[in-house]
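Undergrad: Can you make the complete structure from the sequences, with help from the hints?
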Amino acid sequence: MPAPLRKLGWFVGLWLASVAVIGTVAFLIRLWIV
Numbered sequence: 001m002p003a004p005l006r007k008l009g010w011f012v013g014l015w016l017a018s019v020a021v022i023g024t025v026a027f028l029i030r031l032w033i034v
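First residue of the sequence shown: 1, per the working numbering; consecutive thereafter.
In case anyone wonders, no lab produced these hints; they're calculated from the structure.
The structure displayed is predicted, hence computed values, not measured ones.
One or more hints might be untrue.
Label-pair distances were calculated between CB atoms; the ranges are [to be verified]:
# : residue 1 : residue 2 : range
1 : W32       : P2        : 43 to 49 Å
2 : I22       : P2        : 26 to 32 Å
3 : R6        : A26       : 43 to 49 Å
4 : I33       : L5        : 31 to 37 Å
5 : I33       : R6        : 39 to 45 Å
Yeah, the Cβ is synthetic: ideal placement off N, Cα and C, and Gly gets one too.
TA: In structure tokens:
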């Protein structure tokens with residue numbers, strides 16, 4: 001696998017993880033408020 005592609009894949013994985021964490025936190029806060 002080329003190095004730039006591997007770097008891009010790592011960046012996408014990190015972005016997906018951050019989106020999942022933010023979504024989970026937002027969902028928990030919504031549950032806690034309601």
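Undergrad: It remains to establish, for every hint, whether it holds in the given structure.
TA: Each hint tested on the structure:
1. W32 x P2: 43 to 49 Å: Taking Cβ atoms as reference, W32 and P2 lie about 45 Å apart, which means the hint holds.
2. I22 x P2: 26 to 32 Å: Holds - the Cβ-Cβ distance for I22 and P2, about 30 Å, lies within 26 to 32 Å.
3. R6 x A26: 43 to 49 Å: 31 Å, violated
4. I33 x L5: 31 to 37 Å: Violated - the Cβ-Cβ distance for I33 and L5, about 42 Å, lies outside 31 to 37 Å.
5. I33 x R6: 39 to 45 Å: Taking Cβ atoms as reference, I33 and R6 lie about 41 Å apart, which means the hint holds.
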